[in-house]
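Trainee: According to the working numbering, the sequence shown holds residues 168 to 307 in order.
Because the hints were derived from the structure by calculation, they are not lab data.
It cannot be assumed that every hint is accurate.
To be verified - Restraint-style ranges between C-beta atoms, simulated for each label pair: (1) Ser190 <-> Glu305: 51 to 59 Å; (2) Asn171 <-> Ser223: 19 to 27 Å; (3) Ala242 <-> His205: 23 to 31 Å; (4) Glu227 <-> Lys287: 49 to 57 Å; (5) Glu288 <-> Asn235: 33 to 41 Å; (6) Pro226 <-> Lys286: 52 to 60 Å; (7) Phe240 <-> Glu305: 42 to 50 Å; (8) Leu230 <-> Asp298: 28 to 36 Å.
Said to hold, decoys possible - With a cut-off of at most 20 Å between alpha-carbon atoms, the simulated EDC-like pairs for lysine to aspartate or glutamate come out as follows: (9) Lys195 <-> Glu216; (10) Lys237 <-> Glu173; (11) Lys176 <-> Glu216.
For every residue, glycine included, the Cβ atom is placed at its ideal position computed from N, Cα and C.
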Amino acid sequence: MINNTEFSKRLQKVIEYYGESASSFAEKIGVQRSSISHILSGRNKPSLEFVLKVLSSFPEVELYWLLNGKGNFPAEKNAVEVKPEIPPRPESQNLFSEVEEKTPETNSTSISQIQQHSKKEIERIVIFYKDGSFQNFENS
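Model the full assembly from the supplied sequences, consistent with the hints where possible.
Mentor: Printed below as a string of structure tokens:
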């Protein structure tokens, strides 16, 4: 969650760094002057759109620094990006190799069978496909 007071201080620091007034800063990022005023006063929280406009207009501003104060401002030009260490994935398993293609009616039956082994009631199952489509099966 964004701390309004701290965000306001960081935004003010950005405005001062570039030698802008609140009005000229608002014009450069394409928002109304009142938006800047309301954010700086703590009345409003910044929207995602507002944050993205600041980042695209002023590349020296780092996202994490602007949102939560972590990182540097202005961004170091030769900074090495630190990526979190991700453990290696286990060998790929085809979890659906033995599953036959079923119609939604058959899937409703399988939901009942699954529920016999669990004390929790299944509300629905959603299957996401690689092409971006999905199927939603409701438990009726």
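Trainee: For each hint, tell me whether it holds in the structure or not.
Mentor: Structure-based check of all given hints:
Hint check: Ser190 to Glu305, Cβ distance near 53 Å, so the stated range 51 to 59 Å holds. Take Asn171 and Ser223: their Cβ atoms lie about 22 Å apart, and the range 19 to 27 Å holds. Judged by the Cβ atoms, the range 23 to 31 Å given for Ala242 and His205 holds: they are separated by roughly 26 Å. In this structure the supplied range 49 to 57 Å holds for Glu227 paired with Lys287, their Cβ-Cβ distance being about 50 Å.
The hint said 33 to 41 Å for the Cβ distance between Glu288 and Asn235, and at roughly 39 Å that hint holds. In this structure the hint that Pro226 and Lys286 lie 52 to 60 Å apart at CB holds, the actual value being about 54 Å. At roughly 49 Å, the beta carbons of Phe240 and Glu305 sit within the given window of 42 to 50 Å. Between Leu230 and Asp298 the beta carbon distance is about 30 Å. The supplied range of 28 to 36 Å therefore holds.
Under the criterion of a C-alpha separation no larger than 20 Å, the hint pairing Lys195 with Glu216 is consistent with the structure, at around 14 Å. Distance check on the hinted pair: Lys237 and Glu173 sit about 12 Å apart at the alpha-carbon level, within 20 Å; holds. Between the alpha carbons of Lys176 and Glu216 the distance comes to roughly 19 Å, so the proposed pair stays at or under 20 Å and holds.
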